[in-house]
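Chemist: The chain contents come next:
Number of protein chains: 2
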Amino acid sequence: MAKKKAAKKSAAKKASGNSTKYVYTWGDGKADGNGSMKPLLGGKGANLAEMTRIGLPVPPGFTITTEVCTYFYDNKRTYPKSLHQQMEAGIANMEKIMGYKFGDAEGFPLLVAVRSGARDSMPGMMDTVLNLGLNDATVAALAKATDNERFAWDCYRRFIQMYGDVVLGVQKRPGEDHEPFEEVIEAYKHETYSNKDIIDSELTAEDNQELVARFKKLVKDRTGHSFPESPWEQLEGAAGAVFGSWMNDRAIVYRRKYGIPAEWGTAVNVQAMVFGNTGENSGSGVAFTRNPANGDNELYGEFLVNAQGEDVVAGVRTPFPVVDMAKALPAAYKELLKVRKILEKHYKDVQDVEFTIQDGKLFMLQTRNGKRTAAAALKFAADMVKEKLIDWKKAVQLNPADQLDQLLAPVFDAAEVKKAKQVASGLPAGPGAASGKIYLNADRAAAAADKGEKVLLVRVETSPEDLRGMIAAEGILTSRGGVSSHAALVARQMGKVCVCGASGVEIDYHKKTVKAGGKTFKEGDFLSIDGTAGTVYGGELKTAPSEIIAGLVKNNKAAQKTEKFQDFVQLMEWCAKATKLGVRTNADTPEQVKTAIAFGAEGIGLTRTEHMFFEGDRIDAMREMILAENEDDRRKALKKLLPHQRKDFFGIFKALEGRPATIRLLDPPLHEFLPHTKDQQKELAAKLGVKPAEIQRRVEELHEFNPMLGHRGCRLAISYPEIAEMQAQAIFEAAAQCVKKGIEVHPEVMVPLVGYARELQLQTEIIHRVAKEVMKAKDVKFKYLVGTMIEVPRGAVTADEIAEHAQFFSFGTNDLTQTALGVSRDDMGSFLNSYQENDIYPQNPFASLDQTGVGELMKIAVAKGKGTRRNIKLGICGEHGGDPSSVTFCHELGLNYVSCSPYRVPVARLAAAQAALAK
Amino acid sequence: MAKKKAAKKSAAKKASGNSTKYVYTWGDGKADGNGSMKPLLGGKGANLAEMTRIGLPVPPGFTITTEVCTYFYDNKRTYPKSLHQQMEAGIANMEKIMGYKFGDAEGFPLLVAVRSGARDSMPGMMDTVLNLGLNDATVAALAKATDNERFAWDCYRRFIQMYGDVVLGVQKRPGEDHEPFEEVIEAYKHETYSNKDIIDSELTAEDNQELVARFKKLVKDRTGHSFPESPWEQLEGAAGAVFGSWMNDRAIVYRRKYGIPAEWGTAVNVQAMVFGNTGENSGSGVAFTRNPANGDNELYGEFLVNAQGEDVVAGVRTPFPVVDMAKALPAAYKELLKVRKILEKHYKDVQDVEFTIQDGKLFMLQTRNGKRTAAAALKFAADMVKEKLIDWKKAVQLNPADQLDQLLAPVFDAAEVKKAKQVASGLPAGPGAASGKIYLNADRAAAAADKGEKVLLVRVETSPEDLRGMIAAEGILTSRGGVSSHAALVARQMGKVCVCGASGVEIDYHKKTVKAGGKTFKEGDFLSIDGTAGTVYGGELKTAPSEIIAGLVKNNKAAQKTEKFQDFVQLMEWCAKATKLGVRTNADTPEQVKTAIAFGAEGIGLTRTEHMFFEGDRIDAMREMILAENEDDRRKALKKLLPHQRKDFFGIFKALEGRPATIRLLDPPLHEFLPHTKDQQKELAAKLGVKPAEIQRRVEELHEFNPMLGHRGCRLAISYPEIAEMQAQAIFEAAAQCVKKGIEVHPEVMVPLVGYARELQLQTEIIHRVAKEVMKAKDVKFKYLVGTMIEVPRGAVTADEIAEHAQFFSFGTNDLTQTALGVSRDDMGSFLNSYQENDIYPQNPFASLDQTGVGELMKIAVAKGKGTRRNIKLGICGEHGGDPSSVTFCHELGLNYVSCSPYRVPVARLAAAQAALAK
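First to last, the sequence lines map onto chains H and B.
Numbering (the working numbering) for the first sequence: 96 to 1014.
Numbering (the working numbering) for the second sequence: 96 to 1014.
Just chain H, with the same shape it has in the complex (with noise of 0.2 Å):
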């Protein structure tokens, strides 16, 4: 922290030579900044620059920079010496423009407003004081010059008002239920008109008077001291609380939540006031320069005659279209609209604006990048390519990646969520809706859904077993587990909705009943889930999928011709001309894969192996090679499974179509596997032709404390080298078959959570034996590597010594996160609220990939494997893999790919192409 100060106040010397420049004047065409001087100006300051310069109308006025906020805390509370010098020059730059003197108490004095403005606009500053410069002497002048008594005392009454609560701090006090200014307000009104529910604007010049009095009578009780009646004395005190207001309480929670470093301050910006209060022919508005719901190519605001800024958003009048301008104020609707189109082909961006129109004439005060739904930013980035505003690299990077995946998902008509009833609400694990039955066992809900039901599987946790249930239900929904949860991450996998760790859900398995919300529903009662907003709802609601979904993947002809397909896989082609990052998906079904592909896949980063074992009788075979008691009797087992493996193997290298395919080898403990109720072992006992209490003593054996860190991953085939050697066989078996059909297959095969070289090195021989086998018994040729996950954090650090083993290393951050911070995810539910509230996890580490501590382990672990192998490849196949933030980290770190789910191919590809941009 040290450091950075210090270099920043050495920049600070070095741009300005002796005399630091500490305020930056705008006005009249001309200004001393520009757009690009956040940093110093914040951005607010930066763009009043910038639009001045660009010859938009706005009110002259001046920047104080960021680094007189350092100096301030720096130099306890006080400020640079030739501060208040360069102030006059800025003020008398603002007369001159504006041919009004500040504390003018003869002809029209010169107000002006005051406002904070951070580099990154940010809550829980100070925010405006209006109208300052007013006293009992210039208010009458004000009053004489616009010859309008009314008009001048509200604004002196708004003055105090503000001035009072923001800058000296006349608040509410613990135990006090009204704001103190308020308060006087209403015993006012109710003294004078017996009536509280006259409005403010309502008040006459006298009323305003007398409240002045009253409110001058209250600061000085409150505070001690009189109201400041100096000009001067108003705006510096003005300034230092806007410096005081960054360290606020609120401030450094903010900042502190969003990464932001103290060091970089605040500006405060002083501007004319211009008046959109002084009658029918002004008024004030904010607009976007389109929609920013839908992307329309059209303005889209709220205005309001004769009202000050803060009555526009203040909610007391309800605020007009923008387009009604038109009507209202035609001269300044006109003039908005030239604004719009200079804003546009000058930033390049959709801009939030805010705006006054004093007697007839626009001014703007503001200007902004603005916030957009995805649909907006997708027909935004289309648009304004095809009107040659901005190229395609800027296209790409005008969609926000982590909202994507609001395109892919369907969605409740908002109608029908209007009259629906919400019973609970948890964690939006899978975005999109779902209506359905409701069935809370797998084996249920995959025969209703046979039937031709919409099903929606109800579970308190989901298993491996339940994955049939689950590829027949329309959504998920859990009381328990988070957003990696089973449930969370195979619902994201397959695109299914889920809405997960619903706590307000109470599950009987016996009843057969769910209650919510007060209700209780049966089996095959309907609910309806929004995984995108976390809510559940009583009975059914209609859904429609996305466009770009139908179109895609179910290759449906009128989704094409929709705009916002076609808009889509414009911006997908960009993505692929501007990204050197491959995206790779996570599959295990040849469905799944083709998905993939149609989103733009280029192969598969990881196919989990033992997903397979659960279909159908495999599990059977699984299960008798788990309880055989020596190698003959794993092996017979193995026997039986090779055939299924090849062929879901062959399925996959088919649908590939030539992409890679990495295939992780065995990895889950084995008593996964196994059923652990009475009945379920009495039946395979039936089937296996063993004793009940046999297979109740392998489950016992097989029973670990914390499964997480027990007898899986490579383990096993270290263990039982048998296993790996008939996965070997199959994928291998698997390509010869395709090699044979013409078919070009590239199998990478995998092997799971090595932490020692000899580990990997041990596999890897046998690896290497049986495809040289295969290859000689079947007579053909095939290429293929052998490599490893990274996901314990000795493999992180001895990268290099497995690097000696290992074609290519693929990041497996879900368990490297586990394991790196010493958290299960199954069970981080219980303080992960708490952690996320005292901001120790910025964000929840599996899903974003936490960069400093899991991250600085894939540094490690990239240096040393490098230092060994120089072009090994590398790769991630966690979860991260589909966040976007997690994504540009994986680029700068310089991996080969990244893979995640299906769903999230397109989000990863967009994220990968903007980080490539970014560079």
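Derived by calculation from the structure, the hints in this document are not laboratory data.
Be aware that a few hints might be false.
Note: identical chains are not told apart, hence a pair may lie in one copy or across any two.
Below, computed lysine-lysine pairings styled on DSS-like, alpha-carbon distance capped at 25 Å [what the hints assert, rightly or not]: (1) Lys483 to Lys672; (2) Lys786 to Lys606; (3) Lys513 to Lys617; (4) Lys1014 to Lys443; (5) Lys610 to Lys786; (6) Lys672 to Lys191.
Keeping the supplied structure of chain H fixed, place chain B upon it in accordance with the hints.
Modeler: Same frame as chain H, now just chain B:
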């Protein structure tokens, strides 16, 4: 690897100029090499040169260097050009000294022995070929020169057999029952004497002549080549066999196991034969210069008259104690006693020698440092200092640290063991010997001990609830769990004897019986366990505590007068002089503290506060705290715990007498404190006045899939800050009490399981606040530190950030190993064996620090921690703190202290001293 090789090559070139010296001769008081040249000459060769230099009678010879071995493997098993010429010079030198000629068919032929000799002695390599140089011509010359036909043909027969076996590979084939040469002898004895019990030395010259003929035929049949008659061909064949054996399977496995690089290579030693088998004035023997079992200052070994060296170890004839040489070969014996003195004085260590007497003259064939027991080492070192043979530094280094705890363990009387029946075996988890009546439950064990019974606690596994029973027991026997299981850990900390994971022991809690070795033992029956060997005996065996424990801990005056005790105390004093690395202890009670201090601990490195919550009725308050539904109820329960904790800390501070105490805040997951059986839950419910279902619900709620990675450590106190608050209050109030009573205190408050700097920051704020409050309330001042465990990899790689808030780091290497490797020590039993057999784990990583992986993380943490806080205090408090090689690593890492269980303190002190002296 390639790098190391290149470095070695260039070093060799550099050392030797253009023509490299490959052959180093010795003999007649002169030698090319010396004892420090083990890397080049191997251990045997270097010591033969050294013995020659110091004037001992060594038959002349030469060493072919390890560089030739490297050349051999780098050049397709060929030799450097100049080698043969250098060997010729070597042989010429021997001929000159001996007055014989190699291959002389006229006079006495020079015969040689060829032996391998790596840097460290290494089983699995070719050992010895004797009598090389004999052929049909020289055997006749030998017979003539010695006038002993039988002797000459016996030598020749032995030579062909040895050479045929180890050089020509005429060995037993798969399916054969006997060695082929033995087969020939058996057949000959049978057909000639109809008696195969006749021994080889009874065979006549003619018998041997016939056998030579038959052996030669066997060689021809098996190899397709005639037996080499040329002595030079024989010599080169033998040298090639030595080099070849460097890469045989057994040697490779051994090197991998002990981390010996293949590049070291082996040397070949060629030495003139001397004959112990020429008659009654000749003989061979092996000896230690002192007794390696008990350390007595006496020559200790065995010899045989009229025998070659192999005869002594072959076991065909029973050798005599070496002291008997005084009668049998008095002159040679006197000479040997002289040699003994010279060797010890020269090598400054006890030597293990081989010798041969030929016609009354003594020849030394080998010397090396002797292996010894801990007791012998202690006495050797102490005596040799008294004799002024060595200084105290050397004495410290002569004691093997990893054996020191042998000195502390009580032992079974050897006679008792012989009579006893071994019924099972398990892991030697707590060294020592214990007999007692078995109890299968902690309460019954404690009750029996209260009645004065000697008790052995027998459990499937132990948990913190068994603590009372473990304290009460003489020893602990478990049928499940490894050397790092709860039972083992607590046993070592308490110095209890423990055998764990004795899978042959079947425990029936219901019937209160233990089945082992086919017998059933009921509660109250005696069992005996040897925790040094891991054996379990039926019945009672007598034990005695070691003199050292008795003297140091029990202050037994008689024990203190023993030589062993005094030597030990002396050794510990030397250690204190040598070392900078401090040794602290892991202790939870004043008794443990006192024990550790008696062993020389400098303070506490780890107090686990949670152990304190199990005593008496505290567990009820603890459970009440856990079951609390809100902060108020939690605080109420914590208030009950406060006085207990305060009292505990006061007791510990008092016992420490001013030494520092690192106190870890609550660490384990809460469910560990709750009862898990229905009955216990009912009982607790009654006590707390809640429904049993309520308790069951909470237990289920607290269930975790991977508790090791769950809601524990500082995560608890982040969720419930009031826990940290109470513990800090207890610590600081106890400190305040001490200060008032004039007792010096140095509390060091340690926050567990920190992975994020912000976690520590939040905890630190609480601790500092409470410290300030207590000092103010009690009106005293004391110094204290706040620091953290580094026990998850993220903590290590972000140590720079964490050090902003930590005044010290203590490496929790138990958990750091679990998380870095992704291995649960409680679950590793299922693959530990295969991991050790496959040379993946060189050692159990929970017993000896994984320096490559976990150590790398520690290095990163030390560098980053010091980067932020130059003088940060660094320690280790994992079980590794008591493991010698781990202590050495900690010394090299620059830690300030290691901490281990009280009974490991001497081991750690010795290891620390040795590490310091090694620099």
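Chemist: All hints, please: hold or fail.
Modeler: Evaluated hints:
For the homomeric pair lysine 483 and lysine 672, the shortest alpha-carbon distance inside one copy (19 Å) is at most 25 Å, but the shortest distance between copies (82 Å) is not. Proximity of lysine 786 and lysine 606 under a CA criterion of 25 Å is satisfied inter-copy only: 24 Å between copies versus 31 Å inside one chain copy. Proximity of lysine 513 and lysine 617 under a CA criterion of 25 Å is satisfied intra-copy only: 24 Å inside one chain copy versus 72 Å between copies. Within a single copy, lysine 1014 and lysine 443 get their C-alpha atoms as close as 19 Å, which meets the 25 Å cut-off; across copies the closest is 67 Å, which misses it.
Taking the shortest alpha-carbon separations for lysine 610 and lysine 786, only the inter-copy value of 23 Å comes in at or below 25 Å, while the best intra-copy value is 39 Å. With identical chains, the CA atoms of lysine 672 and lysine 191 are never at most 25 Å apart, being 53 Å at best within one copy and 84 Å at best between copies.
When the structure is compared with the earlier hints, a violation turns up for hint 6 alone.
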